[in-house]
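For reference, the chains in residue letters:
There are 2 protein chains.
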Amino acid sequence: MMILVSYDVRTETPAGRRRLRRVAKVCLNYGQRVQKSVFECRVNQAQYEALERRLLEEIDLNEDNLRFYRLTEPLAQHVKEYGVFRAIDFENDSLVI
Amino acid sequence: MMILVSYDVRTETPAGRRRLRRVAKVCLNYGQRVQKSVFECRVNQAQYEALERRLLEEIDLNEDNLRFYRLTEPLAQHVKEYGVFRAIDFENDSLVI
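Note that the protein sequences, when read in sequence, are chains A and B. Just so you know, the first sequence maps onto residues 0 to 96 in numbering that gives the first Met the number 0. Just so you know, the second sequence maps onto residues 0 to 96 in numbering that gives the first Met the number 0.
The following block holds chain A by itself, in its conformation from the complex (with noise of 0.2 Å):
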């Protein structure tokens, strides 16, 4: 299945902006960047329950906000995308392309 994994994570302290990295490090393990911090996955039900699993342990339930959408596929008919999304390390400011 495809999945959308959205996220919003307080980067005021240091401990938010860990988290942040830590959190796109996770995803980046499952699927592929489509935004700052949107990620399209493909992934079986047992990698799914996985991701959740990693990111619940990653996320402050009190500060934070992630969102988990099944996607309708096939992908490509149900998907627009305009613009540009450039390859960004957005953890480290830095271009990692």
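Quick caveat, the hints were computed from the structure, so don't treat them as lab data. One thing to keep in mind: the hints can contain errors.
Said to hold, decoys possible - Calculated cross-link-like contacts (lysine to aspartate or glutamate; reagent style EDC-like; alpha-carbon spacing at most 20 Å): (1) 79(A) / 80(B); (2) 35(B) / 11(A); (3) 79(A) / 48(B); (4) 79(A) / 11(B); (5) 35(B) / 80(A); (6) 79(A) / 59(A).
To be verified - What follows is a set of in silico ranges between Cβ atoms, one per label pair, in the way DEER data are often shown: (7) 12(A) / 45(B): 40 to 46 Å; (8) 55(B) / 31(A): 19 to 25 Å; (9) 45(B) / 24(A): 16 to 22 Å; (10) 55(A) / 53(B): 34 to 40 Å; (11) 28(B) / 79(A): 17 to 23 Å.
Since the model is a prediction, treat every value here as computed from it, not as a measurement. The C-beta atom is built at its ideal place from N, Cα and C for all residues, glycine as well.
Given the structure of chain A, go ahead and fit chain B onto it with the hints provided.
Here is chain B on its own, set in the frame of chain A:
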């Protein structure tokens, strides 16, 4: 249909911050904000096309990224949410509860 709208707008410049405000304002007319730059919108085909057209008038295709996803329904069975989302006026950094 339920669609998810997400965007990355480059906000390094005043023009970018203006685009961000305008993009958010358009989205607020069509759906519910669920994260800083993620909205869920229940629309018919005509509304979807209008929303898309309006957003394309606001974003800069050379700087920003805009995505529309068709969500699988019933939504309640295909979305998982964790953590908190505060009703912040992100564009103006003031609380709007």
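Checked hints:
1. Straight-line distance between C-alpha atoms of residue 79(A) and residue 80(B) comes to about 23 Å, which puts the hinted pair past the 20 Å bound.
2. A C-alpha spacing of about 15 Å is found between residue 35(B) and residue 11(A), which places the hinted pair at or below 20 Å, so the restraint holds.
3. As the CA atoms of residue 79(A) and residue 48(B) are separated by approximately 12 Å, the hinted pair is consistent with the 20 Å bound.
4. Between residue 79(A) and residue 11(B) the alpha-carbon distance is near 25 Å, which puts this suggested pair outside the 20 Å criterion.
5. Taking the CA atoms of residue 35(B) and residue 80(A), the gap is about 19 Å. The hint holds against a cut of 20 Å.
6. For the hint pairing residue 79(A) with residue 59(A), the CA-to-CA distance comes to about 31 Å; that exceeds 20 Å, so the pair is violated.
7. For the pair residue 12(A) and residue 45(B), the beta carbons lie near 45 Å from each other, so the given range of 40 to 46 Å is met.
8. At about 23 Å, the CB distance of residue 55(B) to residue 31(A) agrees with the hint of 19 to 25 Å.
9. Judged by the Cβ atoms, the range 16 to 22 Å given for residue 45(B) and residue 24(A) is violated: they are separated by roughly 41 Å.
10. The supplied range of 34 to 40 Å is met by residue 55(A) and residue 53(B), whose beta-carbon atoms lie about 36 Å from each other.
11. At about 19 Å, the beta-carbon gap between residue 28(B) and residue 79(A) stays in the expected band of 17 to 23 Å.
Against the hints set out earlier in the document, violations occur for numbers 1, 4, 6, 9.
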